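Residue numbers (numbering that gives the first Met the number 0), protein chains in the order written: chain A, 0 to 417; chain B, 0 to 87.
Hints are computed from structural coordinates only; laboratory data are not their basis. Quick caveat, the model's predicted, so the values are computed rather than measured. Treat the hints loosely; a few may be bogus.
[Unchecked claim] Pulled from the structure, derived: some chain A residues nowhere near chain B, Cβ distances all over 12 Å:
#1 31
#2 87
#3 90
#4 117
#5 127
#6 130
#7 131
#8 134
#9 180
#10 248
#11 288
#12 305
#13 388
[Unchecked claim] Computed Cβ-Cβ distance ranges for the label pairs, DEER-style:
#14 374(A) / 40(B): 54 to 60 Å
#15 92(A) / 22(B): 32 to 38 Å
#16 2(B) / 116(A): 31 to 37 Å
#17 55(B) / 45(A): 35 to 41 Å
#18 85(B) / 115(A): 19 to 25 Å
#19 251(A) / 55(B): 44 to 50 Å
#20 197(A) / 78(B): 26 to 32 Å
#21 61(B) / 3(A): 43 to 49 Å
#22 36(B) / 89(A): 18 to 24 Å
Heads up, the beta-carbon is just placed ideally off N, CA and C, and yes, glycines get one too.
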Amino acid sequence: MLELPRVVITGVGLTSPNGDSLAEFRSNLLDGVSGVEPYEIRHVGETLAGVCHFDASRHQKRKEVRRGTRAGSIAIWCARETLTDAGLELSELDRHRIGVFTGITEHGNVETENQIHEVAQYGFDLSFWSHHHNPRTVANNPAGEVTLNLGLHGPAYSLGGACAAGNLGLIHGMQQLQLGLIDVALGGGVSESIHTFGIFASFRAQGALARHEDPTRASRPFDRDRNGIVVSEGGCLFTLERLDDALARGARIYAEVKGYHVNSDGTDFVLPSVEGQAGCIRGALAHSGVAPHEVDIVNTHATSTPSGDIAECGAIRSVFSDCETTYVNNTKGYIGHTMGAAGALELAGNLPSFEDGLVHPTINLDNLDPECELRNLVHGEPTRPRQVTDGEGLHTILNMSFGMLGINSAVVVQSYRN
Amino acid sequence: MTNEEIVIAIKDIITTIAPDEDLSALELDVRLRDQIELDSMDFLDIVMELRKRYSVQVPEEDYMELATLQGCVDYLAPKLAGKQLVTA
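The shape of chain B in the complex, shown without the other chains (with noise of 0.2 Å):
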């Protein structure tokens, strides 16, 4: 999967657990707590789908790595090599 493709499958699933949120003007570096309404159920959401869609696993002291679009690409690009993007 591509840094591109992680953004997309990342937005999908909030897509999924905030679906009242826009996240056209997301921006990849600013914490996804300030820009839109996601709550820690949420990131644990976030957490279940990854673990769901692509058998992911996301130790809790990795849960920070998350905090941000960027975060989530930095962090997930090893794990989601050759994975093929999945969108709900």
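Next comes chain A alone, as it looks inside the complex (with noise of 0.2 Å):
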């Protein structure tokens, strides 16, 4: 294997439904607290939905919110925000060598409904439809945005990979650093997708969508009576840097990113594999250099919906069956699915556990689905693991995540160790 530059990540900017800060979206997987509320849409009505709550007037003008789109609003607050907590002064930083890379599951839609709703009240005469549709569209909009905010001149652009791509983000971003070609990376994913009735209306028409009389008990994977997503927006992009540059500027480091890898099931529009997840996990582990055994915790994908969820923890069940300090745990029990942010937004999530070592647990599991059971899947209260009693501490986190047409992606960070 070739030898790369190690990359490590050094910031972190978010938003998603229960906190607009590591600190605070850490504090409330501890503490349990939902980010999922009441939500109403036009033309789907009353459901739910994971909002973000962040004041986008702190980076934007009110010009450019007005201008630019939900993804670009929430790409520039976590852009911001992970240089910020980087410590990174943009003004010290060649603008040319920042790249900027945003996992989207999709992007137009909202505008693109958004225009047809308008110019439908002009009885579709064209001459309504506007000319900020093309810019809002582009499927590089929301990093293009951060660029025209920030002032950068490195590469920015969207990776497409349904919602697998939180982690393509970061992924790419990685391999940019490692050949050079930039010297910082902001990569993660965002979403704005609560905001396209579509996405809530096929969600509806295929039966996946979550359905609850208390919107904080709806996302419940793993739960005999899950139903269902509930959709929501949300975005986290990592600074990520070369080791070397790093250590030599003092940077705090939150974990080295050892792996990864991404693959396709090549088997259905929809529904997921359990060999294609399970060889995305093993693949990521290789790539790591990383044993199943020495996996501290795995984050789920599992969205809640009846078959997606039995077909993770079969892939889970035949990776890590024998191995007794793995810990597994989900995210979206708490924010619903937030798409293309969704494996960056659930690995910033667990991150912390390096420093508190903590698991923070799967909420809203009741009743274990026995097709469901895993062993050490942590639900209802944090657990501190064994190995964390023992003094070893907690040192490695596999994050999947899981889109449509049969896009895997896993990746592998470790705590970092000289």
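Using the hints, put the two chains back together into the complex; each one sits in its own frame.
This is how it looks when you write it as structure tokens:
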């Protein structure tokens, strides 16, 4: 295998339905606080969603917010926050050597729906179709808006990977750093999907849209009574640097990205494949040089759909069945499915485990589906694993994200050790 | 609509398009772009708002007529005659 520079995470900028900073997000994950709330959108009516409440005006003029997209605002928030968190000053950086890589599940549906709704008010007279439509809907919009806001000149674009995309932004940023093409990568994922009625309508048509009288209990991975996905918005961009650069400037290192894998089931538009997912996990472990029993935390992708959760549990069992100290959790119970942001946000939520020694629990798991039975599935309350009480600490996290058309992604990170 | 109302109408549209700008000291005869931050996409927004609010069509060859507030008044007065002021 090629000898490539080591890459580390030195900053986290995020907005999730239950927190706009890593500290707030982590605190709510340990306290079991959900960010899912009642939500209404045209044509669908009353439903549920994970809604972000960050203050866009902190980093954008009102005109920028008006002209741009929600995904752009989320990306700008995350980019500004991650750079601050990393202790990086733009004025001291070469703006040509900063890359922005936003994983997206989809982009452009919100604006297209808005425009069709708008021209419908005018009898479909296309002279009322906005000149903003194209710049808002191009796939590089979220990353591009970041470059406009921060005055960046490096590569900036989106990675379209359905709900596996959050990992892709991180992976691509890492690759660009390893190839020496940039010095700083802002990589992760964003989603504005709650502003398109189509995504709700499609999941509902598929029988995969969550419903529950208590919104905070609607997203319930692995529970016998789960009935679908809670659609959410969110974003997370990591600041990634080559290890040597990070050490040279005395940066705080959250984690080292040890390896990753992306593959395709090649079998179905929407149904997951146990073999595909297990292959992805094995590929990421092999790429990282990590054995299954060395993984301390597996953050599952499980979205609270009946078939998806079962398939993923099958994949996990096939790789980790003999691993006594590998703990499994889930983050979507708190925040719903943040789509293109999910992989990045959920990894971010787990990173503080290296410091606090806790594994945040899966919530809303009242009656475990027997088909989702997993060794060391953490639920209800945070767990302090045996390796922490033994003094060894938590060292390795596997983060999984899967998406439609059978795309699977997995990333392995470790606490930084010399 | 009176000339004064046309100025109010244009300022109201600009407030929608460029909400960060202070329009209190806008001069009638100085190019709008030289007084506040407006680019070509913003001018297209002004044209779109005129279309939506007042059913006024401004063909591309006439865009330059809207360069100043006075230009807007002169160009739009006949088109807005008899129409009611609409504010967002």
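Structure-inconsistent hints, enumerated in ascending order: Numbers 4, 5, 6, 7, 8, 19, 20 and 21, in rising order.
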